[in-house]
Amino acid sequence: MTTAAATAGERTAKAKPATMAQALGRALRDSMAQDPTVHVLGEDVGTLGGVFRITDGLAKEFGEDRCTDTPLAEAGILGAAVGMAMYGLRPVVEMQFDAFAYPAFEQLISHVAKMRNRTAGAMPLPITVRVPYGGGIGGVEHHSDSSEAYYMATPGLHVVTPATVEDAYGLLRASIASDDPVVFLEPKRLYWSKSDWSPDAPVAVEPIGRAVVRRPGRSATLITYGPSLPVCMEAAEAAVEEGWDLEVVDLRSLVPFDDETVAASVRRTGRAVVVHESSGFGGPGGEIAARVTERCFHHLEAPVLRVAGFDIPYPPPMQEKHHLPGVDRVLDAVARLQWEAES
Amino acid sequence: MTVQELPGAAAYRPTPPPAWKPLTDPAPLLPDPEPYRVLGTDAVADADPELLLRLYAELVRGRRYNAQATALTKQGRLAVYPSSTGQEACEIAAALVLEERDWLFPSYRDTLAAVARGLDPVEALTLLRGDRHTGYDPREHRIAPLCTPLATQLPHAVGLAHAARLQGDDVVALAMVGDGGTSEGDFHEALNFAAVWRAPVVFLVQNNGFAISVPLAKQTAAPSLAHKAVGYGMPGRLVDGNDAAAVHQVLGEAVARARSGGGPTLVEAVTYRMDAHTNADDATRYRVDSEVEAWRAHDPIQLLERELTGRGLLGDDGIEEARVAAERMAAALRDRMNADPVLDPMDLFAHVYAEQTTQLREQAARLRVELDAEQDQHGHDDVEEGR
Ligand SMILES: Cc1ncc(C[n+]2csc(CCOP(=O)(O)OP(=O)(O)O)c2C)c(N)n1
Chain A
17 MTTAAATAGE
27 RTAKAKPATM
37 AQALGRALRD
47 SMAQDPTVHV
57 LGEDVGTLGG
67 VFRITDGLAK
77 EFGEDRCTDT
87 PLAEAGILGA
97 AVGMAMYGLR
107 PVVEMQFDAF
117 AYPAFEQLIS
127 HVAKMRNRTA
137 GAMPLPITVR
147 VPYGGGIGGV
157 EHHSDSSEAY
167 YMATPGLHVV
177 TPATVEDAYG
187 LLRASIASDD
197 PVVFLEPKRL
207 YWSKSDWSPD
217 APVAVEPIGR
227 AVVRRPGRSA
237 TLITYGPSLP
247 VCMEAAEAAV
257 EEGWDLEVVD
267 LRSLVPFDDE
277 TVAASVRRTG
287 RAVVVHESSG
297 FGGPGGEIAA
307 RVTERCFHHL
317 EAPVLRVAGF
327 DIPYPPPMQE
337 KHHLPGVDRV
347 LDAVARLQWE
357 AES
Chain B
42 MTVQELPGAA
52 AYRPTPPPAW
62 KPLTDPAPLL
72 PDPEPYRVLG
82 TDAVADADPE
92 LLLRLYAELV
102 RGRRYNAQAT
112 ALTKQGRLAV
122 YPSSTGQEAC
132 EIAAALVLEE
142 RDWLFPSYRD
152 TLAAVARGLD
162 PVEALTLLRG
172 DRHTGYDPRE
182 HRIAPLCTPL
192 ATQLPHAVGL
202 AHAARLQGDD
212 VVALAMVGDG
222 GTSEGDFHEA
232 LNFAAVWRAP
242 VVFLVQNNGF
252 AISVPLAKQT
262 AAPSLAHKAV
272 GYGMPGRLVD
282 GNDAAAVHQV
292 LGEAVARARS
302 GGGPTLVEAV
312 TYRMDAHTNA
322 DDATRYRVDS
332 EVEAWRAHDP
342 IQLLERELTG
352 RGLLGDDGIE
362 EARVAAERMA
372 AALRDRMNAD
382 PVLDPMDLFA
392 HVYAEQTTQL
402 REQAARLRVE
412 LDAEQDQHGH
422 DDVEEGR
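Just so you know, the sequences run in chain order A and B.
When we follow the working numbering, the leftmost residue of the first sequence carries the number 17, and every step to the right adds one.
When we follow the working numbering, the leftmost residue of the second sequence carries the number 42, and every step to the right adds one.
Simulated from the structure, these hints should not be mistaken for lab results.
Glycine is no exception: its CB is placed at the ideal position from the N, C-alpha and C atoms.
One should not assume that every hint holds.
What the hints assert, rightly or not - Pair ranges (Cβ atoms, derived):
id : chain 1 : residue 1 : chain 2 : residue 2 : range
1  : A       : Gly104    : B       : Ala380    : 34 to 40 Å
2  : A       : Gly104    : B       : Gly159    : 53 to 59 Å
3  : B       : Thr65     : A       : Gly302    : 52 to 58 Å
4  : A       : Pro171    : B       : Val410    : 18 to 24 Å
5  : B       : Asp388    : A       : Arg69     : 42 to 48 Å
6  : B       : Ala373    : A       : Glu80     : 50 to 56 Å
7  : A       : Ala169    : B       : Ile253    : 45 to 51 Å
8  : B       : Ala380    : A       : Asp51     : 15 to 21 Å
9  : B       : Glu403    : A       : Asp195    : 49 to 55 Å
10 : B       : Thr350    : A       : Pro52     : 36 to 42 Å
11 : A       : Glu80     : B       : Asp211    : 16 to 22 Å
12 : A       : Glu80     : B       : Ala120    : 44 to 50 Å
13 : A       : Asp195    : B       : His419    : 36 to 42 Å
To be verified - Here chain A is said to cover these stretches of chain B; the calculated rule only asks that three of the stretch's residues, wherever they fall, bring their Cβ under 8 Å from a Cβ of chain A:
id : segment
14 : 184 to 196
15 : 383 to 395
The task is simple: from the sequences and hints, build the whole structure.
Next comes the structure, spelled out in structure tokens:
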């Protein structure tokens with residue numbers, strides 16, 4: 017998990033990655049250049065460079081044996097990756113869209129997540145499964161699912177999701193370097209988000225599993241990740257007018273979960289709202305709220321609230337704006353945190 | 042109205058669509074309609090007597106292993122055992138045809154193949170005893186963990202073989218699956234990947250007639266399971282699965298083909314499961330005795346024994362020797378299985394991740410406390426009862 021940290025500074029690139037998509041591509045390229053056992057495989061990842069162009073140029077630079085267009089079969093792709101990892105390679109699998117990763121669930125749950133455990137540590141599987149996830153891009157059905165709860169519920173998997181360009185690079189490097197399988201969730205609506213990240217500046221490659229405070233504040237904590245981070249940052253700015261000084265915690269990793277950073281924040285502020293766009297019922301927010309309550313009960317001034325997508329199949333694109341938690345819903349929840357006053 | 046009657050249709054001549062051309066000539070890929078046989082045919086003249094004797098000894102040992110393991114279920118020493126009695130020729134040939142550097146990808150029924158490949162007979166049973174998921178290091182013998190979900194190990198075999206070839210190793214993977222398993226999507230995806238990648242893989246289908254209770258006719262409408270190969274662009278081979286010499290030869294050719302870069306082969310071995318699906322199954326509900334009896338007359342050990350004794354390669358002494366060796370193996374297995382495995386509950390947390398997460402560390406600490414309390418309680422009880 018830590019090997020990538022040592023190498024991140026070595027990059028001497030000319031092009032300046034500016035979007036999350038470019039940072040992800042850069043992370044793949046640097047990982048492949050550094051470690052000949054890293055192989056990329058998936059649908060359209062070769063000549064086309066992936067439907068989101070994340071793998072652009074990899075087949076040309078490293079050859080089709082290192083960046084391989086596979087037959088159109090998700091279970092086959094991930095199943096083959098299992099065998100490749102068994103023989104000493106580090107496969108990075110691209111699932112084209114969140115909802116098209118479901119045919120590979122059997123391989124993921126029964127084999128990828130369990131092989132280390134099943135073999136008493138003799139056979140770890142260093143596989144990274146990249147899944148573009150979430151909505152907000154006007155995708156038709158099956159192109160906008162937030163599937164993180166399914167992955168979180170499977171012991172043996174790490175579940176990681178970056179929200180910034182820098183983290184996209186750093187966390188993907190760390191995921192590929194990890195000796196355990198990682199489901200790497202890419203918030204597709206942030207693919208084109210920009211940053212003035214310079215590839216020449218040293219980049220921190222965090223070990224997987226650490227949350228970060230994106231905005232310090234005193235009156236309440238917004239706990240979020242991936243596509244909802246920008247929403248929360250915007251809400252925090254807007255809340256200043258109302259006299260709220262909101263702290264924003266970006267989880268970055270759902271498994272393992274950084275209880276420490278989250279609990280420390282909530283203990284400071286005494287109030288918390290969990291924000292994510294996947295459905296609320298049985299969703300990540302319930303788990304997070306429970307953990308916060310267990311650790312911070314005596315510090316809490318109000319119940320931990322959740323702002324989540326509705327408990328409906330992801331809506332058609334013309335309706336998705338109603339489903340996705342936006343700034344107003346977050347601010348409404350923040351207002352409801354004035355719990356004592358109400359009761 | 043026919044085409045000719047249409048106004049202006051006289052000028053129409055159907056031509057193939059511009060992009061179409063056959064990718065592969067299917068004829069050489071098609072299996073022979075009759076399962077290939079060696080024992081009792083002219084082909085046996087080419088068989089190596091040493092190999093036949095080795096196969097014989099292993100078959101006898103394998104059958105005894107199946108009987109012993111089934112007996113261990115009755116004594117509560119094994120949770121369950123799926124016997125491969127009747128299918129020993131497939132199991133043994135699969136193991137013996139591989140070189141040391143090759144990999145075996147067994148299904149849940151293929152304990153025998155793993156043991157014949159050199160795995161410790163007790164280590165091979167831990168999954169079924171219930172103390173560990175895999176009792177062996179897969180890399181040590183190059184045997185993937187016995188696979189319980191059906192057909193999911195097949196894409197692993199493809200990936201491993203592909204990876205080996207990419208790294209310049211002439212390693213072959215042999216993957217085993219049942220007739221029922223061929224209906225699973227992973228079977229299709231694995232064969233397709235293997236053919237497209239020309240991966241050095243051999244797929245061995247043991248068609249033993251049933252998937253638990255469901256007969257082959259309800260599993261597929263294909264002429265044979267070997268025919269399925271043609272659609273993927275790989276050869277399909279049909280072999281008498283009770284003829285150890287034939288299975289060894291057909292698998293050997295497929296392995297050689299894979300090793301030399303010729304790509305994958307699908308081999309269907311026609312055999313029969315003599316015992317029930319597992320010790321927990323009642324086979325009389327779905328098959329008739331006459332069918333079982335017919336197959337008893339085509340027993341893999343008898344076929345080979347007849348051949349060897351007929352040619353004077355095996356006498357009463359040799360038969361007795363094989364029997365005694367098998368008995369010794371069974372006695373040792375029985376003894377070792379009668380010892381309770383020593384398990385550390387803290388191992389539950391040991392191999393989930395390379396580094397335990399904080400969540401797992403907390404849970405492990407909680408279990409530790411429970412275990413210590415239990416221990417204290419036992420100590421306390423002992424004192425109370427004056428022990
Ligand atoms: C994916 C999956 N579905 C169902 C089962 C339950 N199951 C175990 S064995 C079996 C029948 C398998 O038949 P076949 O593939 O012909 O192998 P055989 O038992 O004959 O060796 C079934 C349905 C399973 N193990 N995996």
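Results of checking the hints against the structure:
1. Separation of Gly104 of chain A from Ala380 of chain B is about 36 Å and conforms to the stated range, judged on CB atoms against 34 to 40 Å.
2. Separation of Gly104 of chain A from Gly159 of chain B is about 22 Å and departs from the stated range, judged on CB atoms against 53 to 59 Å.
3. Distance hint check: the CB atoms of Thr65 of chain B and Gly302 of chain A are about 53 Å apart, consistent with the given range 52 to 58 Å.
4. Separation of Pro171 of chain A from Val410 of chain B is about 21 Å and conforms to the stated range, judged on CB atoms against 18 to 24 Å.
5. Between Asp388 of chain B and Arg69 of chain A the beta carbons are some 45 Å apart, a value that agrees with the proposed interval 42 to 48 Å.
6. Under the hint 50 to 56 Å, the C-beta atoms of Ala373 of chain B and Glu80 of chain A, about 51 Å apart, fit the expected range.
7. Between Ala169 of chain A and Ile253 of chain B, the C-beta spacing of about 29 Å breaks the proposed range 45 to 51 Å.
8. For Ala380 of chain B and Asp51 of chain A, the hinted distance range of 15 to 21 Å is not satisfied, since their beta carbons lie about 44 Å from each other.
9. Between Glu403 of chain B and Asp195 of chain A the CB atoms are about 22 Å apart, so this pair departs from the stated range of 49 to 55 Å.
10. Take Thr350 of chain B and Pro52 of chain A: their Cβ atoms lie about 56 Å apart, and the range 36 to 42 Å is violated.
11. For the pair Glu80 of chain A and Asp211 of chain B, the supplied restraint of 16 to 22 Å holds, since their beta-carbon distance comes to about 21 Å.
12. Here the CB-CB span from Glu80 of chain A to Ala120 of chain B is close to 46 Å, well matched to the stated 44 to 50 Å.
13. Between Asp195 of chain A and His419 of chain B the CB atoms are about 38 Å apart, so this pair conforms to the stated range of 36 to 42 Å.
14. Coverage of a stretch by a chain is defined here by at least three residues with a beta carbon nearer than 8 Å to that chain's beta carbons; for the segment 184 to 196 of chain B and chain A the count is 6, and the condition holds.
15. Under the rule that three or more residues need a Cβ within less than 8 Å of chain A, the assignment of the segment 383 to 395 of chain B holds, with 6 such residues.
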